[in-house]
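Sequences and hints are given; from them, build the entire structure.
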Amino acid sequence: MYDKLWLIPLFPFLGFLINGLLGKKIKNEKVIGAIGTLAIFSSFIVSCKYFLQLLGDSQKVHEVIVASWMTVAPLQVDWGFLLDPLSGLMMMNVTGLSTLIHLYSIGYMHGEEGYYRFFAYLNLFTFAMLMLVMGNNALVMFVGWEGVGLCSYLLIGYYFEKKSASDAGKKAFVVNRVGDFGFLLGLFTLFWSLGQKGVWTIRFTEISANVHLLENGGLIVTIVTLCFFLGATGKSAQIPLYTWLPDAMEGPTPVSALIHAATMVTAGVYMIGRMNGLFAMAPDTMMVIAIVGGATALFAATIGLAQNDIKRVLAYSTVSQLGYMFLAMGVGAFTAGIFHLLTHAFFKACLFLGSGSVIHGMHHAFHHAHLHDDPQDMRNMGGLRKKMPITFVTFLLSTLAIAGIPFFSGFFSKDEILWWAFASTRGHWALWLVGAIAAGLTAFYMFRLVFMTFFGAQKTDARAKDHIPESPLVITLPLMILAALATFGGLLGVPHVLGNLVGHFPNKLEHFLAPIFEHTQHLHHIEAHGSASTEFSFMAISVAIAVLGISVAWVMYCKNPQLPGKIVAKVPKLHKAIFNKWYIDELYDALFVNPTKRLGTLLWQVFDVRLVDGLVNGVALVVRGTGRVLRHTQTGYTHNYAMSMVLGVVVILAIYVFN
Amino acid sequence: MELLQLFFFYLVAFVAVVSGFCVISCKNPINSAISLVMTFFCLAIFYVMLHAPFMAAVQIMVYAGAIMVLIIFVMMLLNQGSEVIARYRHAVTGAFIAAVLMLIQVVVILKNGGVSGMVGPNTAEVVESVGHTELIGQAMFTDFLLPFEIASILLLVAIVGAVVLAKREV
Amino acid sequence: MSEHLLSLMTFFPLLGMIIVLMLPKNNGGLLKGATLVFTLITFAISLPLAFDPIFKTSGGMHYTEFAEWISVANYFQMNYSVGIDGISLWLVMLTTFIMPIAVLSTWQAVTTNVKGYMALMLLLETAMLGAFISLDLFLFYIFWELMLIPMYFMIGIWGGANRIYAAVKFFIYTAVGSLLMLVAIIFIYYSAVNSGMDISGFSIMDFYNLSLDPELQKWLFLAFAFSFAIKVPMFPVHTWLPDAHTEAPTAGSVILAAVMLKMGTYGYVRFAMPLFPEATQMYLPYMAALAVIGIVYGALVAMMQKDVKKLVAYSSVSHLGFVMLGIFALNTIGISGAVLQMINHGISTGALFLIVGFIYERRHTRLISEFGGLSKQMPVFAVIFMIVTLSSIGLPATNGFVGEFMILLGAFQSELRWFAVVATSGVILAAVYMLWMFQRVMFGKLDNPKNQVLKDLNLRELCVIAPLLVFVFWIGVYPNTFLEKMTPAIDQMIEQVTGKAPVVIESVVAPVQHHEPAVEESPAHGHGH
Amino acid sequence: MITITHYMVLSAILFSMGTIGVLTRKNAIVVFMCVELMLNAVNLTFIALSSHLGNMDGQIFVFFIMTVAAAEAAVGLALMIAFFRNRESIDVEEFSLLKW
Amino acid sequence: MENLVQIAIPNINLASVMPSVVLACCAMVLLLVNAFSKRGATAHVAGLSLLALLATGVVAVGGWNQTQPGFSGHVVLDNFSIFFTVVFLIAAALTILMSDSYLKREGYPVGEYYTLLLFSTVGAMLMASGTDLMTIFLGLEVLSVSLYVLAGFFRGQRQSNEAGLKYFLLGAFSTGFLLYGMALIYGVTGTTNLVDISQFFQAFPSALTNPVAVAGMLLMGTGFLFKIAIAPFHMWTPDVYQGSPTPITAFMSAGPKAAAFAAFMRVFMVSLVGMQGTWTSLLWILAVLTMIAGNFIALNQTNLKRMLAYSSIAHAGYALVGMVAANEIGTAGVLYYMLAYAFMNIGAFAVLVLIGKQGEENLTLQGVAGFGYKRPLLGVLLSICLFSLMGIPPSAGFSGKFYIFAGALNAGYVWLAVLGVLNSAVSLYYYLRVMVFMYFKNPEEDFSWIQLKPGATICIVLSVIAVLYMGLLPSGIMSLARQAILG
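Protein chains in written order, with the numbering used here: chain A, 1 to 659; chain B, 1001 to 1170; chain C, 2001 to 2529; chain D, 3001 to 3100; chain E, 4001 to 4487.
It is worth saying that the hints were derived from the structure and are not from the lab.
Treat the hints with care, as some may be off.
If you want the footprint, here are the derived chain D segments under chain E, 3+ residues with CB under 8 Å [unchecked claim]: (1) 3015 to 3027; (2) 3030 to 3043; (3) 3059 to 3070; (4) 3074 to 3088.
In silico BS3-like pairs for lysine-lysine, Cα to Cα no more than 25 Å straight-line [said to hold, decoys possible]: (5) K597/A - K2306/C; (6) K2025/C - K4374/E; (7) K2376/C - K30/A; (8) K2025/C - K27/A; (9) K24/A - K197/A; (10) K2376/C - K27/A; (11) K2455/C - K162/A; (12) K1167/B - K4038/E; (13) K4374/E - K4357/E.
We put the beta carbon where it would ideally sit given N, CA and C, even for glycine.
Pasting the structure below:
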């Protein structure tokens, strides 16, 4: 039935192999692009088949073991895949978006050196991401988990000749590794603690079937989940490990769209969803997750306020949105979290691709005019809506979605999160408040972005002004599809209150994911309780906040463009802090990076060379030195030799006769 | 009688020690050599006192007669003048201290230990009656035949060696 | 034939050495070719071992050979006693596998005294193989010491600028440890004799049954452990390694890293621990602590190195710290991981040294600062370097991950839990130093004019490194090929050390389940790798 | 009564004096003479003991010691002559080509 | 005069000294042959002396397992003495093999050299087979007097003069102590016969603690230790070894040392076995001191002969460890080690003999720079000898050390064994340094003056073969050594 599930990751892998090994020989960009895209598309088709099959299947959880991996009693790890609603959804998400972005890349990456490399990496990424979401045990997930990190590293450092790019790639990998450290520790602890109860396993199904053996809310569970959460913060760019994501914008834009918005960064959320049974047992961890998520949402949003690089704004926005997802997971709104994951994938991918389209155009123009202006700096843009209409429209739709304007996808998902944050048994009003403020800020900076880019006067250098083209169809087609999804995707999970309003429009997503989350939520009494009217009023408040944010943006960046400058002049220090990302990177450098380097140097040059090796050489020196001293007893004078004999005799007699 | 013997012993011993001291202290090697001969004579007297007249004779013939003559001859040949004793005073002091320590040790050892009280067949009376030379000869050619033969080899070696070393050309 | 397979395999290189010594001196190609053929034949001889299914079922010694060797009535009996079990099997295979690669890697690097070099390589192979298959402590010691000689000359004659210091240091440092071990070996023998045990020679199989006084064991263990720790090398007796590695010629570094360092870890598994079980338990935390310090320390020091080879050398300290931790986890997972990691380290670090050799041959420098942007000029090299780097970092689906994971998991299941936690941080540091190095060498602008004319890898170099890459993924994806043959032997070893059989717990499925997963066996099962 | 101890103490004194001579004298011939003095001290011991024990072995021993002394004298003096030919000296403190 | 009638013709049992007699006679014949030979033509003398050694060897080995006492208990030809005899003969033969070309090169082609060498071998053999202090003393003197001459053999060379004279003066000095010790033992026991002494001590155990006996033992030990070159009586060694003609140095390091060991072991383990507690504790300390003195000072040497001299001091220390152990394996180990050392050390010296130019100024570390490249075969052979001296398996040196330290461990001297192996670790440095210069430095000279004369070549090759044989298959010789000490 589902035994060909392994085909899904296989296709991208084949694509990777073909492009990676032969790409250099093929040379023809079209062929390379086609191979890459087709590989993903095939995988998408197979995914669709199985997904549909799953939809119609009453049995919702399927495991397929392909081969064994490590077998050492009591450890048994297989190469196996798991298909259940959650992984099915992710699988669809990944393959679908990936197909679109591959398509987009054909146009976007045109003419780049190492074109084949890009597609190979992208294919590899998709493969890894599929392993991540489809793995039936924690270790296969970890393969994908690290695999996507690797691809992220490779793709961020795609322009490896640029130091900032390779730095960013390395940073991404290392920070992710910090998270992986947590993941591994969590895994070890889990394996051990379950093993103590007689269940040696790392298979998700068995884990969730046996977690009840552990003490509910106990220390072990808390430690395990905290460790896993540390892993999630690394991958999903949460406080404290978020710093790599904004830097990751050094990669080509499709990469940002696919990896750093739609798929990889959501892995943490997915992982928590995958192990919801375990996390639900640790309320303390859940609280930590919610707090971290909320804080990240707010914190990243503040930084997003003052960035001028179009992609950086989107990057911080991503961090912020991921924060929402964690907030959702933290308050037990698993479905909402996954929902937001999906809608965010749609609109954020669209936003990134749209920004890519803009950059593409700007780059084209600057190139044409032989200018070296930054094509990503929004201060060089403005008024592009006329030059790039399709891009503008799709971008605007997605922005509306992210801002939470009613009936766009973002509205439904974000609103449900905020509602749960307030009303969940594990929620708190403060969490809601943080989320709401962040939502307002999001609306503000997103529209700031839109206004600065597409509205107002064209601030582009006059020489380049007239050479900004609309992107080709291969670029705009994915934009349009994504914009459509961003607009209507929310219908997947219409909240009950709204659904009831129009006559039992079901929350399809919740229903679909019920086999995964329902049991947990029941078991741990996680639910959002509140009257419909309360829910409505909250909805209204959040809409109001969003509108407020948009309006402020409109006032500041359309109506009265001098205003921002004035505000900045009033609070220069604050602005500088925000602009410089609250100096967190500098702080980390000072706290971790530099001390580690200094420690390394110290250990090497002082401890290792002087002390440890010095001791070794010192022993040798002492021995030789002793020899050199002793050597001078051999004076060559017969008298001395005779004397030594006599003294020897005297001493020996003294010792042995008069002992 | 015994007192006289004792006195005589001390007298000879005194001479032996004094001449021994001259050996080590005379600046002129010839004087040292003469003193050494003196010591040898004293020892020969002791040998007689110890009922070993043959050894006394050998002592005088071999030591005083042969070896010392050889030494003096070489000394003359090399025509060495007198010498300062040693370059370093403290070396001399050290040597004295070491040697005196050794002496003290040996004396204390002798005092504490003493030698075997066993008396073999060749008591003074037997020696008197049989004759010392006879006894020596008897022992030498029966029990000590091998050492005697080895001694001959040793002397041969010494001759060959001396010739090899001392001749002027190859 | 098969009853003398091990001897044949071990002494065939020696025969090769004699033949090589008789070949004309000036024909470098012939000498290298002959040596390559000899090492390949040795590999071929050893291949049947790898396919023998007996290792899957039995943890004992197989292919044993026994011959009285030195026998002095009432004093000593030393035997030529060899055999192989699941643990030594893979180390033997690693040796025979690495040797042709090492020979091939010298094709252009060694131009002077080719004959001597080749002869030493073959001698070294015999010594290493002999050490892995010896079942008699005395025999083992002889091979163990014999290894030093060729390596000493290889470093000293064909090494870098500071080669003399490195060679002498290597020799003396290692010998100090092994001499103390020799004392301990003799001591055990007498303990066995005095205990009235009926022993034939220095057979470890007999010594395993010896119950020594724990107080005594402590000292003996220390002697063995010290000797092996130097060879491993464990912190703080590691300082010979960076010097030796840096100065050795490429093939020397490869063999040193890939095989000779394993002697130390192998020594713990085969000798130090099973012979002195009580002492092992006693020193367990200390050894684990040193291992963990080695992991972190090696990584931190490696991070700041300016010389690529030194960096790799220090990374070995770190990696072998993992191996030691796994060994002292004293459970099947940990030790299996450790043994696997020995092979992994051989492959990955061997490959890294080859890679360093490739660029050294081109640029005659190993300073990181001399490079930069090589990816552009040498794309194939870049890919291979990247793969090897990742394997060294321990990326899942490469060999390094499987080993490290099992080691850490094993250590976590044992009482070394907190050590495992610290050790796990090693995976972060590994990424830091390796990627930083990779970045500085391969990425950035290609602005050094000397680097702008570099040629990518040629066919020979690809042939040298390709087999290693195969195993990088093979072990990463399907380590069971190796694991299934080593676990019986490891279980037996654990039983010897802990006095009880390792607990094998069947997975107990909890009674309460809210849904039954439908497990479907794929038809691809079993040949999915 | 002259006891054996008298002789032995006397010989010990002579032996020590010989030692002092060896340790202090510069002239190689004198050094050798001091060695002879030591040997003579031993001879005295042997003969005294021999007499005391009523046993000829000691005297025979002395006989051989004398032979040895003669042989050594021959060889030693030859060595000194050879040395003197090259160095114009037989000062033991000149023996310092070989050291350290 | 009726006493004369009582003289009974003693049971001489000529078989007991047959090897010595054969060799001594041959030596005397050689003296005559030499006298009638042309000046400077010494090759046939060398050849004849080899034949003499061979004949002696055949006679000696023929007596294996038949203990032949003779000369009223003055001498015995037992396995112990035969084993040592063979060691001396081998040392002498190897020395002679390398000597001929050497003597010609150095300008002293004198036939008496061989005679003296043979006589010194006779002396050594008598030491090893003597069972009476007198015999041992006379053997020692025959050996020493020959060696004084041989050490100073190059009478035109200042170094050789100095070596000979130093050796002579100090040797004579130490003889004084030896004799004094013997006198004291004689005084206590009333006999000089080793068996009688041991019987005396068995009969009167209280005499064992008699200070005179202890002092006698110690003083006598001093004399032997001087010959073995044990600290603090070792100081003559480097000077004498350095100054002597190189083959003689080689011989001295192997033959006389073994002879002194033989006598020392026989005296101490047969006669003075009752004082074992005292002398083992003394030798324990001295062994350590010796190893340290030898090894540590050798580290700083640049002259190869001098370095090997220090190393021979250290090796004497190792061998002494076997005596400290004083058990079967340890003592057998000493025997084994003596033979092994003869081969490896003489092998090394033989190569040095070849390397040296006239006057041997170039026998320094710098002088062998690049030697391994220019003369690869010789280089390998020298390296094997050096590895054996280091005690790296599989070589004779390793097996020897193994047995000795095994003996020490079996007797419970763990720390002694540990110090021993640590010392041998120290020794690695200076041996390795020779190889550093041989292989790791660029040649400064082409070593074209080296001519592989058959004698020296055979000497080296034989040594190396023996070194490897004793390393790989030591059981045969070890069994012989065992039989030797068990009588």
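Are K1167/B and K4038/E close enough, with their CA atoms no more than 25 Å apart?
-> holds (17 Å)
Mind checking, does the region 3030 to 3043 of chain D have 3 or more residues with a CB under 8 Å from chain E?
-> holds (count 7)
Within a Cα-Cα threshold of 25 Å, do K2455/C and K162/A meet the stated pairing?
-> Measuring from Cα to Cα gives roughly 22 Å; hence the hint holds.
Are there three or more residues in the region 3074 to 3088 of chain D whose C-beta lies within less than 8 Å of some C-beta in chain E?
-> holds (count 10)
Verify the proposed pairing of K2025/C with K4374/E, using a straight-line Cα cut of 25 Å.
-> Answer holds: K2025/C to K4374/E is near 13 Å, not above 25 Å.
Do at least three Cβ atoms from the region 3059 to 3070 of chain D come closer than 8 Å to Cβ atoms of chain E?
-> holds (count 5)
Take the C-alpha atoms of K2376/C and K27/A, compute the straight-line distance between them, and say whether it is at most 25 Å.
-> OK: K2376/C and K27/A at ~16 Å, within 25 Å.
Could you grab the alpha-carbon distance between K597/A and K2306/C and see if it respects the 25 Å cut-off?
-> holds (13 Å)
Verify the proposed pairing of K2376/C with K30/A, using a straight-line Cα cut of 25 Å.
-> Holds. K2376/C to K30/A sits at ~23 Å (cutoff 25 Å).
K24/A and K197/A: Cα distance at most 25 Å?
-> Violated: K24/A and K197/A sit about 54 Å apart, past 25 Å.
Taken at face value, is the distance from the CA of K4357/E to the CA of K4374/E at most 25 Å?
-> Distance of about 16 Å is within 25 Å: holds.
Okay, the region 3015 to 3027 of chain D and chain E, do three or more residues pass the C-beta test at under 8 Å?
-> This one holds; 4 residues, not fewer than the three required, reach chain E with a Cβ under 8 Å.
Of the numbered hints given earlier, the model fails hints 8, 9; all others are met.
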